[in-house]
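Chains A and B supply the protein sequences, listed in that same order. Per the working numbering: the first sequence ends with 182, consecutive numbering throughout. Per the working numbering: the second sequence ends with 573, consecutive numbering throughout.
If a hint is listed, it holds; no wrong ones were tucked in.
Here are the simulated distance ranges between beta carbons:
#1 Glu-197(B) - Arg-111(A): 53 to 59 Å
#2 Thr-149(A) - Trp-481(B): 48 to 54 Å
#3 Ala-194(B) - Glu-159(A): 21 to 27 Å
#4 Pro-160(A) - Asp-285(B): 42 to 48 Å
#5 Arg-315(B) - Glu-39(A): 36 to 42 Å
#6 Arg-348(B) - Glu-10(A): 54 to 60 Å
#7 His-204(B) - Glu-10(A): 42 to 48 Å
Bear in mind the hints are in silico, worked out from the structure with no lab data behind them. All residues carry an ideal CB built from backbone N, CA and C; glycine is no exception.
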Amino acid sequence: MLHTFVVYVENKPGVLTRVSSLFRRRGFNIDSLTVGRTEKPDVSRMTIVVDANEDQSQRIMANVYKLVNVLLVDDITGQAAIARDLALIKVKTDQDTRSKVLELANVFRARVVDLAQDSLTLEITGVEIKVNRLLEVLEPFGLLEVVRTGLVAMRRGGEPGFQDKKKVNGRVVVDDNVSYSV
Amino acid sequence: MSNQKLSGSRILWECLEREGVRHIFGYPGGAILPAYDALKHSSIHHILVRHEQGATHMADGYARATGGVGVAVATSGPGATNMVTGIATAMMDSSPIVCITGQVGSKLIGSDAFQETDITGVTLPITKHNYLVTSADEVAHTVREAFYVAKSGRPGPVLIDITKDAQQSLAEFDWDAAEPRLKGYRPDLSPEKAEFEQALELIHKAKRPVILAGHGVIGSRAMAELLAFAERTSIPVALTLLGLGGMPASHFLNLGMMGMHGEAWVNTTIQEADLLLAFGMRFDDRVTGMLKSYAPNAKKIHVDIDPAEINKNVRVDVALVGDLKKILQSLIPQVEMLDRREWLDTIRKLKGDSAVRDIQNLPDNGHLYAAHVINDLWHETRDRDTIVVTDVGQHQMWEAQYYKHERPRSLITSGGLGTMGFALPAAIGAKVARPEADVWVVVGDGGFQMTMSELATIVQENLKVNIAIINNGFLGMVRQWQEFFYDKNYEATPLLSPNFVKLAEAYGIHSVAVKNRKDVLPTVRKAEDHNGPVLIDFQVEQEDSVYPMVPAGAALHEMIRRPSPLVETADDE
Ligand SMILES: Cc1ncc(C[n+]2csc(CCOP(=O)(O)OP(=O)(O)O)c2C)c(N)n1
Chain A
1 MLHTFVVYVE NKPGVLTRVS SLFRRRGFNI DSLTVGRTEK PDVSRMTIVV DANEDQSQRI
61 MANVYKLVNV LLVDDITGQA AIARDLALIK VKTDQDTRSK VLELANVFRA RVVDLAQDSL
121 TLEITGVEIK VNRLLEVLEP FGLLEVVRTG LVAMRRGGEP GFQDKKKVNG RVVVDDNVSY
181 SV
Chain B
1 MSNQKLSGSR ILWECLEREG VRHIFGYPGG AILPAYDALK HSSIHHILVR HEQGATHMAD
61 GYARATGGVG VAVATSGPGA TNMVTGIATA MMDSSPIVCI TGQVGSKLIG SDAFQETDIT
121 GVTLPITKHN YLVTSADEVA HTVREAFYVA KSGRPGPVLI DITKDAQQSL AEFDWDAAEP
181 RLKGYRPDLS PEKAEFEQAL ELIHKAKRPV ILAGHGVIGS RAMAELLAFA ERTSIPVALT
241 LLGLGGMPAS HFLNLGMMGM HGEAWVNTTI QEADLLLAFG MRFDDRVTGM LKSYAPNAKK
301 IHVDIDPAEI NKNVRVDVAL VGDLKKILQS LIPQVEMLDR REWLDTIRKL KGDSAVRDIQ
361 NLPDNGHLYA AHVINDLWHE TRDRDTIVVT DVGQHQMWEA QYYKHERPRS LITSGGLGTM
421 GFALPAAIGA KVARPEADVW VVVGDGGFQM TMSELATIVQ ENLKVNIAII NNGFLGMVRQ
481 WQEFFYDKNY EATPLLSPNF VKLAEAYGIH SVAVKNRKDV LPTVRKAEDH NGPVLIDFQV
541 EQEDSVYPMV PAGAALHEMI RRPSPLVETA DDE
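Isolated chain B (complex conformation):
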């Protein structure tokens, strides 16, 4: 209870503080200046970014590293529109962020005033919800609602557009009275008993079941439950890209990643299964391959918090809509322990076959492969509390294949939108959220150049972020598609880069280039020990490709495999 009058700006920061926000990522401008001015009354630490897209990715990385809500701030017009890519990225990967934008004065709305953009209109399809606040007394309940909506149910980005006059004018601030009362919003669904029974029946009947675990495992904090369920039922687990870390990679029931660049035996296992248990994943086209031939003999159980995902891409036999953790908690005591040795043996044999083609089994032939870099990075960093943040492209897939993630939130990557430029800013967000963790950026020479301006943010904020550029001189993943599907017509994919070492040094960041495999481990080790950010330019084989690959439109088991000899240059061992 209180009847003190505060400006909308002060109410904004007061609310954020009460929501537990310690850091915000932003960039000022005219329409948000009153809010910036009021920051002097607040304990919140503002991190100045170099581009508003960076602010949204930082908020996203912050959210993904902790499970909390990340906050990004920008001015109206161009500041707000620069956020669009980051908002869409967070939307696709169900990441809870709150974006706060300034807006021109409420009287000017609709007049095409200087730096006026209808950002609530623009972001309508890429936010979970958004708000236009035109008066100071709407600020408190809007902020509380926004945080609640962003983090509850299926999380997602929420945008609050606040007019300049709403920031400036005074209103009574009463936190308790501003409690969210959302009549049309109930994120706490749970399945009915009959649906549980149908699911149990399918599980008990199945001879060749596979669990498909996605981002929802991590979002719902259901790691322990997933493990318990898998162990109790002896059902092997395949992971989506965003599911990596949801189950320890070293666990004997963890098969690894599925999908377009998933392990061959994992995709084959899925195709041969008679039951798929989809836990917090959405049958994205990157994991199903051609739908018509997807797991043709399998019954499907879909557990997801979002009813709109049910029967969207794949028709399922049983849908359990609700929080994965709770659903697994009620399933676990009801499932029978079954012997699945035969099925697990079959899978193990498939795995033996694939391992032969693994580039990892190749002796050092004088060439540096991205896979080697990632593998060594993993060896060196795995015993520490390490978060790897990847960008989009070949290096992203190699990281997913060769870095064995044991813990949730130890991999942060843009999955659904595949946003190049994500890694560096998202890593900054992760480091701010978890300063005690080692943060490694794994990024291509292309994606790095999209947001490398944030190097200055790292330095200004004195953050220890380690950057590994997997530099192949190409927009590698696109080059790979051109190699496979466009007769090697490398149109617009050869990529000129600056001298990354000198560039880093210009920012005052310690940097080295690595060309030989034997130098990878010691360089990574030195980077970890270096007191401050480090950038390593790994100059790798230029025309290596990611294998296996399910070409777009092919069935999941129809993979392009690494040719033998492994790569053209590999026979001089």
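So here's chain A without its partners, still in its complex pose:
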């Protein structure tokens, strides 16, 4: 089963390597990993999607927490959350097929971001399945180039992501800004 973790880390050099190396070392396969800035300049945020069962996901969390630079890990699998993948898709087109591709793009609410004599580039944002579907239907036209960002995700609702987490992994975190490691 795919698990989605949101990981807040200190914005320091080498932290991405520490996190990704841990997954490799413990034998967990990363499906996607995205990293970027947050509302706090000293905190970066990763969304990591991993194939893992329930036990494994607990251990992933515990192991990620062990990294000294990791501040907070949130397993949002099965939680009310917004998850988005962004893709740029370059499709082969000609006189005959262009309108068909545009029609499909419309159905999927994909935007045209580039148009050339023999190709058309679309941008789509959405949950992964939606992106997968669009790719499926475009496949017969000929995919020239595809790039996907991997999932970014966020819990729904009014709670701030990082600041006010009181409970982590079922445990009360004493200081709001702090995680545990051993």
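Fit chain B with the ligand to the known structure of chain A by using the hints.
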């Protein structure tokens, strides 16, 4: 408060002094030279090793002998990479060491400069944490953080890689301002009330409970609590290799060692238990045997400081994550005293059965067995403050079986990584840390030859370390596997050695060879009294094996037992 400017090198040693460091083990080279130069301002005693691997094992032995942090120093490139084995050893056994390496100038990083190695990259998976320091004003807080991380929570090795320019340039040194502020690091977890209650319920219901005590007992200094808990609940205790000494061997509730070469009755007891209480141990494959058939009828309570250990190898029913000492302190007043005579009697009967096969009950038949050497060593040294440091192989297991450890930190050995070559340097570290203790190295002829260059360190530092080589002419443990599982095809295990007595003498170390059992005790006694290091070459039976043995992949109770007659040569009594 101070605004004096010091070089990064001087700040480094200033910080180490304030962390309580009196000794460091190291080897100089270009990229760490500024730091070595600044040692003249410091009261820290530097011990020159003969190989950087030795420095890390010494730091490790120093840490394990005391519970403090050991420090190893090396230059960049080959100096740093030579540390890798020692760092991995410390990582696997949760030993707090700080390794300091020089690095090429910060401007040169990434250019493949002379002796540049990305040692923080190399050691990423084998350190608890590591740092690359590129400027002098990062030195103080990095060192303070490193020590704090190394010794707190689940201890482990931390590496600090310091560029040459960071050692040379000046910075303000303010110890107080450098206090660690680690936002993402909280080593002080404790279980919730409900988890305690679940644990208590299982303990009170159990009819056949066993405590499995590991290295965490010693790490958490929970010996008194373990004893109190076991006595109050009448629950017998089995120990892991690294747990030995965590409870006195002579205590009536102490069953002895579990696992691959554990006592037969201990493994059988575990398999028959209805509750396992794992205290500071991690269900390593060397103690569980095949997982599918491990303690099949037992509920499991796991007390460990590291949440990542929970449900890793064995699924547990209750996990109490936190410091073992504190957790036991809160459990003890809550547990009821229960009568477990029936269960203890059952175990005692199992024990009676095993004792018959014990090689110790064999009269002297003219052959010298390693077990006899260890047993006599134990008899002679047990009343003194003795630390035994073992290497890896058959002798390590015989030591664990026949040396009855009464005190914590009286056995130092490489468990998780099983690093041959560990013993001699680790013993040097132990002796430096505890000069008042007698330190004995028990080592195979194979492992000894991996790090025997450190004999010179012993002599140069004028250390009284006693060395017992259990010399069987083979890489014994591997030979044993070949005997059992590879049709006695002794490929690459017969081992030629130098004349160890002459070798020791070349270093100026007093040395003797022993071939007869009757000579063991007097030789050990003389070694203790000798004013200076002693090396004894015990030439033992060559093809003896360690029994019992749980073969890899077998269930814990499916042990290979010592054949009868005990060994082929044993019938001429
Ligand atoms: C560095 C290292 N290399 C290889 C091994 C594999 N190994 C485990 S035990 C052993 C044999 C040890 O022989 P010796 O030191 O003579 O001790 P004995 O088993 O004979 O007591 C070997 C080669 C190891 N544990 N460590």
